[in-house]
Structures are given as C-alpha cells and as structure tokens.
Amino acid sequence: MLFTWFTLAGLIFLFSPKNLTNKFQFAFHRIFSLPLSIGRNISLSAGARRPLGDVVSRDEYKRLLNHLANVTQQRDAEHQNVEKLAQMRIIPGWERMGFVPADVITVSINELRSELILNRGEDDGLVKGQFVLADNSIIGTISDVDARTAKVRLFTDPKSSTVVRIGGSDWLMQGKGGSLARVEMIKSKVKIGTEIMASKRPGFLDTAVIIGKVARCERNAEPLLWDIEVEPVCNIQKAENVHIIVMNPPE
Amino acid sequence: MRWFRFAVLILLATVLQASFFADLNIKPDLLLILLVFFAVYCNTTEAIITSFTIGFAADLIGRTMGPQMISFGLFGTALAYLHNVIAIRKMTYQFFAIFVTALLAGLLVYFLNFIKGEPTPPNMYAPLFGIALYSALVGPFLFLPSAWWMRIKINRSGRR
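Protein chains in written order, with this note's numbering: chain Y, 16 to 266; chain P, 13 to 172.
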C-alpha cells in the first residue's frame with residue numbers, strides 16, 4: 016500500500032506541469048544556496064591552478080578575445096548600417112541592452128543536460144528566453160524562472176536550439192550535450208576556430224554576439240554539405256557570475 | 013531507523029551531488045549509493061520510504077520532477093525484497109547491486125523522461141555506464157561511514 020501511494024505521488028510529479036514542479040527545485044536551490052555555493056567553490060578551488068606571473072590568465076584572455084569578437088562584429092554591423100541608412104540616427108545595439116548580474120548557484124554540465132541555476136529571478140526583471148552572457152559570450156537562455164531563482168539552459172543542452180549566423184545566413188544550432196553543439200547541412204566548409212555569432216532576436220538581442228567557435232567540421236551524409244560542431248568560447252563550468260541581457264531596461 | 017539522521021545524510025548527499033560533484037566529468041551518484049545502502053540495511057517498509065525519498069531528492073537536483081522518484085522507489089523496493097532472498101552483504105555483491113541498480117534505474121529515468129517529452133541524448137549509454145561503474149566502485153566503501161552515521165551495525169555476512 017505504501018509503495019502504491021509513493022508511486023502515485025511520483026506519477027503526479029511526473030505529469031504535473033513543469034512550471035509547478037519547478038517550484039520545488041527552485042525552492043531547494045534557494046534554501047540551500049549557501050552550502051551549494053560553498054561546495055562549488057571548494058570544487059573550483061581544488062581544480063584551480065596558480066596564475067603565472069605577468070601572463071594574462073586563460074579566462075581573462077578568452078574574455079578579452081570574446082569582447083574583441085563582439086566589438087568587431089558590432090563595428091561591421093554599424094558600418095553596414097551607416098552605409099545603408101546614412102541619414103538616420105542609430106542607437107548601437109549594446110546601448111539598448113541592460114545587464115543583470117547574477118551569481119551561479121549550481122552548474123550541471125554533462126552529456127544528458129547542461130544547465131545553470133542563478134540567484135536572480137522575476138523580481139530582478141528576468142523572463143523566459145533572455146540571453147545569458149559569461150565572459151562576454153552568450154552561453155544560453157533563461158528556461159525557467161521564479162521570483163528569486165532562474166534556470167539557464169546552455170546552448171549545448173540537448174534540448175536547446177539557437178539561431179546562429181554562419182557565412183551571412185542564419186542556421187539552427189542544436190545542443191549535443193557535454194560542451195558541444197551542432198549545426199548540420201551547411202553548404203560550405205567552415206574553418207576550425209571560426210567564431211560563431213548568435214543571431215539577433217527582436218526583444219531579446221539587438222546585435223549579434225559571439226556564442227562559440229567551430230571545433231570540428233565534417234562532411235554530412237549528403238554530398239556537398241557539411242556538419243560543424245561548436246564549442247563555447249568560455250569556461251562555463253568555472254563561471255561564478257554571469258550577466259542576463261535585459262532589452263530596453265527602465266532608466 | 014533514525015529519521016533525523018537520515019534527513020541530514022540525504023541533504024548532505026544532495027548538496028554535494030549538486031555542487032561539489034557537479035563539475036566533475038567522472039562522478040559517482042551518491043544518492044544511488046545511499047539508495048542501495050538503505051535497501052540492504054533497513055527493513056522493507058523503511059526501504060520503500062527511503063527509496064522514494066532519495067528519488068525525490070535526486071529529482072530536486074535533476075532535470076524534471078518525478079522520473080527519479082519513481083525509478084529509485086521501484087528499484088529500491090525491488091532490491092529490498094531481493095535482499096530478503098539473497099543476502100547483499102559482501103562487498104562484491106554490493107558492487108554488483110549498485111552497478112545493476114544504477115543501470116536499470118538510469119534506463120527507467122530515460123524512459124520516463126521520454127514519456128514526458130524530454131529529449132533523449134544520442135549518446136546516453138556511455139555516461140550511464142560511467143556513473144554506474146564509478147558508483148559501484150566507490151559505493152561499498154561509503155557504506156561504512158553511512159552505517160556509522162545511521163548507527164546501523166554492518167554485518168558483511170548473512171541476511172538481516
């Protein structure tokens with residue numbers, strides 16, 4: 016009888032709407048945010064290495080490199096805009112964006128799922144679908160949110176699909192699990208290391224922002240088509256804080 | 013059964029699994045190890061309660077609520093009944109019990125997630141096998157401190 020009741024409870028959880036059952040997960044992460052952060056910091060510091068004297072750390076190098084890629088992309092876009100609409104005043108994309116800083120409570124990156132839990136929620140202006148930045152690069156979008164906690168689905172999550180810009184056209188990038196995403200059936204070969212930009216999305220992203228770089232390019236089963244694998248341009252596992260892009264924030 | 017100690021142990025394992033072990037590529041599943049521990053060292057009624065509770069804790073740090081609660085509850089209960097017939101007290105038996113339970117529970121979780129409409133990763137068998145293997149390797153050694161904390165006497169020979 017006990018077994019039956021517990022199984023029934025499990026089935027109720029299983030088939031309840033996700034926005035209801037997520038409340039349990041958010042409540043757990045909120046209540047235990049301190050021990051979760053401590054555990055994560057211990058794990059990070061255990062794997063940390065001593066920085067080399069006057070050499071810039073790899074994380075800092077990646078952050079600056081991403082910033083350069085974003086600025087270059089923005090400059091090119093602005094240049095095109097100036098050429099096309101020379102008479103109109105254009106507000107640069109970044110100026111319309113607000114950034115909500117958030118601390119990472121937990122990170123889950125494996126073959127089955129790639130998610131972060133953040134200590135910011137609806138009370139801070141977060142809504143589903145907003146893009147999340149780490150080290151100046153997009154790492155994912157807000158997938159679930161409650162008053163004070165939010166879940167980020169990384170672009171490498173198997174459930175994630177992101178529109179990216181490759182060779183002047185938009186392509187759908189599908190998460191593959193672990194630290195990789197995949198874009199299939201591209202018409203031309205892409206060089207390994209090529210920067211991949213997330214496409215603009217009205218209301219969420221007004222300018223293309225770097226999301227990853229090409230880690231692998233291989234032939235598709237169809238002749239003349241290529242598949243590429245994209246990896247993040249920052250170390251998401253070590254990210255301690257991120258920024259959420261909030262478009263047109265209140266002054 | 014000391015339920016307060018049980019609650020503390022499960023909370024500690026859940027927090028560790030979601031924080032300290034979250035960044036590791038190769039990791040044992042602490043909650044699954046505890047599932048087998050309680051299924052082996054408690055009576056059947058307690059084993060049912062602990063199995064579903066541990067499953068609920070695993071769901072709290074999982075992708076969705078429900079699949080692990082059902083899966084852990086089902087296999088924890090089955091293991092408890094199996095232990096009435098075959099004693100799982102030797103370390104080698106515990107190794108196999110954890111390994112098989114992890115594989116079966118993991119497969120059921122994928123199936124339930126599939127029913128719920130969650131995507132099934134293309135290469136799910138490798139991480140499933142890895143977690144099962146590492147849990148089985150580490151698990152029997154974690155039984156000793158768990159038994160000490162729960163004030164349960166471990167008898168590595170014979171049935172309860």
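None of these hints come from the bench; they were simulated from the model. Some hints here could point you the wrong way.
Derived list of chain P stretches under chain Y, where covered just means 3 residues or more per stretch with a C-beta under 8 Å from a C-beta of chain Y [unchecked claim]: (1) 40-51; (2) 102-114; (3) 125-131; (4) 135-141; (5) 144-155.
All C-beta atoms, glycine included, are put in the ideal place defined by N, C-alpha and C.
Residue count check for the segment 125-131 of chain P against chain Y: does it reach three with CB-CB under 8 Å? holds (count 4)
Given coverage of the segment 40-51 of chain P by chain Y, checked by CB-CB distance under 8 Å (3 or more): violated (count 0)
Are there three or more residues in the segment 135-141 of chain P whose C-beta lies within less than 8 Å of some C-beta in chain Y? holds (count 4)
Three residues minimum, CB to CB under 8 Å: does the segment 102-114 of chain P make the cut for coverage by chain Y? Let me know. Check failed, 0 qualifying residues.
Chain Y over the segment 144-155 of chain P, status - at least 3 residues with CB closer than 8 Å: It is violated: at least three residues are needed, and the segment 144-155 of chain P offers just 0 whose Cβ sits closer than 8 Å to chain Y.
Comparing the model with each earlier hint shows violations of hints 1, 2 and 5; every other hint is respected.
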